[in-house]
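Following the hints, position chain P against chain Y.
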Amino acid sequence: MNILDGLGEIWVSLVERAARSLVVLGNGRNGLGAGIIWRADGLILTNNHVVAGGIRSAITSAGDELSLILLACDPEIDLALLKAGVSALPAARIGNSRLLRVGELVLALGHPWGTPSAATLGCVSALGKAGTSGSGGEIEIIRSDARLAPGNSGGPFLNASGEVVGVSTMLVGGDQGIIIPSHVVESFIDRVMSPK
Amino acid sequence: MSQNDSQNLLVELSDSLSRAVENAGAWTVMVDARQRLPASGIVYQPDLVLSADHVVQREEDIVVLIPGGERVSAEVVGRDPGGDLVLLRVAAPNLVPAGAAPGEARVGQLALALGRPSPDGIQASLGVVSARGGPMRTGRGGLLESYLRSDTIPYPGFSGGPLVDASGNLIGINTSGLTRGASITIPTGLAWKTAGALLEHGSVRRGYFGIRSQPVEIPPAGRSSLGREQAFGLLLVGVEPGGPAAGAGLMVGDILVGLAGDPVSDPDELLAGMSGALVGKPAVVQVLRGGEPLEMSVVVAERK
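These protein sequence lines are chains Y and P, in that order. Its first residue numbered 203, the first sequence is counted upward by one per residue in our numbering. Its first residue numbered 735, the second sequence is counted upward by one per residue in our numbering.
Excised from the complex, chain Y in its bound form (with noise of 0.2 Å):
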């Protein structure tokens, strides 16, 4: 087999894998967004605007209905954990994002424009900080130039293993995708479930 088929083969192998944890939100009207099963106890991840105007439907990509309620959203860094009210969910497999490199090949995936489980291929292209809405604090960002569009929002953004490394978050000046990283998804996480 020539090299690109083989290579063709394995980014269509990580898509499939990767897509059974991709979830359709929606607002109902005409917004859509992704979210992310990032633990098979029913913990699903997406960006706090796609939710920010309340969730009317999530649909997992087998087709399931899912029943969601907001366990916790911090605006600042655009982050929304979401709880299922079913367990044993395909939960991603996450990596780690402190390894990244600039250049490295990554893959997003959403729904850009309304297409369901839509791929888009780029590489890293920064790894930097940006301010956060709000206090003025600060988060680290990775930048890619692998395609976003409204709909990507809170979609999974995979390394060459298809391992979640980061949450596709925004979108600046039409040619640069802004993701959180998943350590910082983690610690948010840990942040919002740690006991009070």
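Honestly, I wouldn't trust all of these hints.
Unchecked claim - From the derived model, a few chain P residues whose C-beta atoms are all more than 12 Å from chain Y:
| # | residue |
| --- | --- |
| 1 | Leu743 |
| 2 | Ala758 |
| 3 | Ser807 |
| 4 | Ala826 |
| 5 | Gly837 |
| 6 | Leu860 |
| 7 | Gly902 |
| 8 | Met985 |
| 9 | Ala1006 |
| 10 | Arg1023 |
Said to hold, decoys possible - Selected chain P positions facing chain Y (Cβ under 10 Å, derived; list incomplete):
| # | residue |
| --- | --- |
| 11 | Ala754 |
| 12 | Ile887 |
| 13 | Asp1000 |
It is worth saying that the hints were derived from the structure and are not from the lab. Because the structure is a prediction, the values reported are computed rather than measured. By construction, the Cβ of each residue, glycine as well, lies at the ideal position given by its N, Cα and C atoms.
For chain P alone, kept in the frame of chain Y given last:
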């Protein structure tokens, strides 16, 4: 090929790309010489940096941030505004020069555009070499003998930075200063040639004839007397009194058809042929006068 093997292949490809960025990042610098966002440059020789002319708007207070993170001062050695290149000497003598990719760039090959517009680290965009072209008149009054296009994204501050191959070798220098909006890549060979001229003369010398011309179709009689398949030449519509062409006896109405043994059928070919190497030397010009070919020797002056 098993799934695991191909998975390793994909990870290998990804690792190669990040290694390419790391390798080329060692000779990709930040050039801070304009009011807005700084741009990028590449190390040409251990104390010389090549960048895009349009991003170096100052003659003084030029700062180059070298890959280790140190800020060093730099001064302009020479500029080629027409080709949008500038050569800077930096106060750091031991930089790692860029390694050129072997052979010509090929359409379809993987390429990464790199930039270092901030102290936060190297930046990259992935794509392929999309096209090769040239010669092309630039918006800045020059002529590019050849250029490349890629579908990488020219992020702000990427001008002056490199386009590299999958091993991190230099394919060319990116600039968005030569064509409105779009970014093109000046191939390494051409960039090195310009850098050499800037180091030697401080500028890229271009030849000057002192003529105005327009392309015309060569009449059938002229074509047969030339004895070659050449449909067009340059009709001289003005000859500067006292200029190089006038000195050699060229007249309004002559049709210029050749320079230094090469046919000339449009203004770009003439511009491309009048390189700095001709300056001060006699060049053989072939014209048609009254349908008959004539050869004259013009001592080429330097375009100011």
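Exercise. Going back to the hint list, which numbers does this structure go against?
Worked result: Numbers 1, 2, 6, 7, 13 - these are the hints that the structure violates, sorted from lowest upward.
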